[in-house]
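Using the hints provided, position chain B relative to the given structure of chain A.
So the protein sequences, as listed, match chains A and B.
For what it's worth, this note's numbering labels the leading residue of the first sequence as 1, then goes sequentially.
For what it's worth, this note's numbering labels the leading residue of the second sequence as 1, then goes sequentially.
Some clues are possibly wrong.
Stated by the list, open to error - Looking from chain B toward chain A, a few residues come up when the C-beta cut is under 10 Å (computed):
id, residue
1, Asp14
2, Ile18
3, Ala20
4, Leu21
5, Phe24
6, Ser28
7, Val29
8, Glu33
9, Glu36
10, Ala38
11, Pro111
12, Glu113
13, Pro114
14, Ala115
15, Pro118
16, Asp119
Bear in mind the hints are in silico, worked out from the structure with no lab data behind them.
In this text, a Cβ means the ideal position worked out from N, Cα and C, and glycines have one as well.
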Amino acid sequence: MAKLTASQREGFAALRRVYLAQVPGRIAEIRREAAALRRGSAAREALLELRQLAHRLVGSSALFGLPLLSAAARDLEQELDRVLAGAASPGGLDALTAGLEAAWSASEAGADGDRGA
Amino acid sequence: MAVPTLSRVLLVEDDPDIRALTGFALRSVGGFELEECASGADACVRAKLFRPEIVLLDLMMPGMDGWATLRAMRAMPETARTPVVFITAKVQTHEVESYRRSGVSDVIVKPFEPAALPDLLRSIWRRIHGEADREPA
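So that you can see chain A by itself, here it is in the shape it has in the complex:
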């Protein structure tokens, strides 16, 4: 890989700063959607929407250097697959959405190493 110029490095860093600023909102949105499911509106469409949010977080957080958050989001995505298949109930989503916040806090504390927040 060719060495990046200062301008390119700053471009990547700027994109990452924008992304990191948006992460808490993304997690909050997922928690809101999951809470709505627990209140009894576990329609397939709502489950699919929540799964899509989780899937996006899996991919984007991994690319922006947040492996802990990506792994927590993947756990949620996989649980949603089980809920969609009728093999699990939405009640199990609580701990997994809380896990997103725990992973994010760990990233902020530097647990993702030098690629952390």
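Chain B alone, transformed into the frame defined by chain A:
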């Protein structure tokens, strides 16, 4: 035979964060002429005018997913033979060969290093054109 220079890349990715990061890497680091699309349907429309030399296509998208987009592109004369590279987090090694048999030129697995994506894409491009892969300098 010399490998043609890769210039025009069509990126199809529904996630705006990944699209921004990947797009920056391809445009700024790779120097490609890049067209970005947020959906397979949009990609099929814009590919007719843009005439990409290669398509980077997210596999898991809502609505028209990567496979549906690939089928639609193969049915269009403008993109019937354009190399398509899937981007996905969900692929097993043994599945890649099956993807290739289904008309996918290659598969890039997420997460990848964004800054290394242009080199990776050029390596795939050289392989498509029959040149033995070389280690980057």
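Against the structure, the hints:
Satisfaction of the interface hint for B:Asp14 is found here, the shortest Cβ-Cβ separation to chain A being roughly 8 Å, below the 10 Å cut-off. The interface hint given for B:Ile18 is met, as the beta carbon of that residue sits about 5 Å from the closest beta carbon of chain A, less than 10 Å. The closest approach between the C-beta of B:Ala20 and any C-beta of chain A is roughly 6 Å, which is under the 10 Å cut-off, so the hint is satisfied. A distance limit of 10 Å between C-beta atoms decides the matter here; for B:Leu21 the minimum to chain A is near 5 Å, and the interface restraint holds.
Using the Cβ-Cβ criterion of 10 Å, the hint placing B:Phe24 at the interface with chain A is satisfied: the shortest such distance is roughly 6 Å. With a least beta-carbon distance of about 5 Å to chain A, the hint placing B:Ser28 at the interface is held under the 10 Å criterion. Taken as an interface hint, B:Val29 checks out: its beta carbon lies about 6 Å from the nearest beta carbon of chain A, inside 10 Å. Given the 10 Å rule on beta carbons, the hint for B:Glu33 is violated: about 18 Å separates it from the nearest Cβ of chain A.
Taking 10 Å as the C-beta cut-off, the interface hint given for B:Glu36 is violated, the closest approach to chain A being about 14 Å. The criterion of a C-beta within 10 Å of any C-beta in chain A is not met by B:Ala38, whose closest approach is roughly 12 Å, and the hint is violated. With its C-beta approaching chain A no nearer than about 4 Å, B:Pro111 sits inside the 10 Å limit, and its interface hint holds. Satisfaction of the interface hint for B:Glu113 is found here, the shortest Cβ-Cβ separation to chain A being roughly 8 Å, below the 10 Å cut-off.
Interface restraint check: B:Pro114 against chain A, minimum CB-CB distance 6 Å, threshold 10 Å, status holds. Hint status for B:Ala115: holds, given a least beta-carbon distance of 6 Å to chain A, under 10 Å. Given hint, B:Pro118 at the interface with chain A, holds; its Cβ is 8 Å from that chain's nearest Cβ, closer than 10 Å. A distance limit of 10 Å between C-beta atoms decides the matter here; for B:Asp119 the minimum to chain A is near 5 Å, and the interface restraint holds.
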